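Protein chains in written order, with this note's numbering: chain A, 1 to 114; chain B, 1 to 115.
None of these hints come from the bench; they were simulated from the model. Bear in mind that the values here come from a model prediction, so they are computed numbers and not experimental data. Some clues are possibly wrong.
[Stated by the list, open to error] Non-contacting residues of chain A with respect to chain B, defined by C-beta distances greater than 12 Å in every case (computed):
1. V4
2. Q6
3. F11
4. N12
5. G16
6. A17
7. Q31
8. E43
9. S53
10. G54
11. G58
12. R59
13. N65
14. A67
15. T111
[What the hints assert, rightly or not] So, partial list: chain A residues that the calculated Cβ filter (under 8 Å) puts toward chain B:
16. L46
17. N91
18. R101
Each residue gets a CB set at the ideal place from its N, CA and C atoms; glycine is no exception.
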Amino acid sequence: RKEVEQDPGPFNVPEGATVAFNCTYSNSASQSFFWYRQDCRKEPKLLMSVYSSGNEDGRFTAQLNRASQYISLLIRDSKLSDSATYLCVVNRSGRGSTLGRLYFGRGTQLTVWP
Amino acid sequence: DAGVIQSPRHEVTEMGQEVTLRCKPISGHDYLFWYRQTMMRGLELLIYFNNNVPIDDSGMPEDRFSAKMPNASFSTLKIQPSEPRDSAVYFCASRSWDRVGGELFFGEGSRLTVL
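The following block holds chain A by itself, in its conformation from the complex (with noise of 0.2 Å):
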């Protein structure tokens, strides 16, 4: 079973739309939850931490639920400059005093059209 699974979409909404991403993981000693965010041919970049409480950050709100080991990511209010691949990425820590690797998911695609 993969660390980080993710649905692949693609998710085709129109501008103003509002739109969730959903995300599961398998191993419940992972630590630190985000989601990236990768335009075309460019490189992933952070968009948000996801904390236990879940956070809020303008028109995005990420939501974790340790118990079910289930990450979400919702978007309100869709722009066309919000069309991207939405990347879901978990940490578990390493052996000793290593950060530990990160495990990304597939992605999920987004399209935002006018």
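The hints should help you fit chain B onto chain A, whose structure is shown.
Just chain B now, with coordinates in the frame of chain A:
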């Protein structure tokens, strides 16, 4: 501040040739990662270093791949001999132990095409 710098940005080579990809991490970052991205497999971790020491190379596909980090400001990923199935975008990324949240900063990638 300069980000993660990779070179070359694009490489086209013939099967059997040696390929060397280079990376300069962000100054002060003590973790460096090499990833490979393809449409079929997504983003795959190949190897990562902590303080120039390889920590996990379980993602390196086979002996044709090798990576080194001779100092804190430079790393290489070498493929010898290259094969068409190695065609992908190779990303280098770095992060800092002290950074809350552990944000990973990626370079712009090296797009490799093996004919």
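Comparing the hints with the structure gives:
1. Distance check for V4/A against chain B: the nearest CB is about 10 Å away, which does not clear 12 Å, and the non-interface claim fails.
2. With a closest Cβ-Cβ approach of about 9 Å to chain B, Q6/A is found to fall inside the 12 Å limit, against its non-interface label.
3. No Cβ of chain B comes within 12 Å of the Cβ of F11/A; the nearest lies about 17 Å off, and the non-interface call holds.
4. At roughly 19 Å, the least C-beta separation between N12/A and chain B is larger than 12 Å, which holds for a residue marked as non-interface.
5. The Cβ of G16/A sits about 30 Å from the closest Cβ of chain B, beyond the 12 Å cut-off, so the non-interface label holds.
6. Every beta carbon of chain B lies more than 12 Å from that of A17/A, the smallest distance being close to 26 Å; the non-interface claim holds.
7. With a least beta-carbon separation of about 10 Å from chain B, Q31/A fails to lie farther than 12 Å from that chain, contradicting its non-interface assignment.
8. Taking the minimum C-beta to C-beta distance to chain B, about 4 Å, the non-interface status of E43/A is violated against the 12 Å cut.
9. The claim that S53/A is not at the interface with chain B holds, since no C-beta of that chain comes within 12 Å of its own (minimum 15 Å).
10. Annotated as non-interface, G54/A keeps its C-beta farther than 12 Å from every C-beta of chain B; the closest such distance is 16 Å.
11. The claim that G58/A is not at the interface with chain B holds, since no C-beta of that chain comes within 12 Å of its own (minimum 18 Å).
12. Distance to chain B confirms R59/A as a non-interface residue, since its nearest Cβ pair spans about 20 Å, more than 12 Å.
13. No Cβ of chain B approaches the Cβ of N65/A within 12 Å, the least distance being about 19 Å, so the stated non-interface status holds.
14. Distance to chain B confirms A67/A as a non-interface residue, since its nearest Cβ pair spans about 22 Å, more than 12 Å.
15. Against the 12 Å criterion, T111/A stays outside the reach of chain B, whose nearest CB is about 16 Å from its own CB.
16. Checking L46/A against chain B: minimum C-beta separation of about 5 Å stays under 8 Å; hint holds.
17. A cut of 8 Å between beta carbons decides the hint on N91/A: the least distance to chain B is about 6 Å, and the hint holds.
18. A hinted interface residue such as R101/A counts as satisfied when its beta carbon comes closer than 8 Å to some beta carbon of chain B; here the least separation is about 6 Å, so the hint holds.
Figure legend: structure checked against the earlier numbered hints; hints not met, in rising order: 1, 2, 7, 8.
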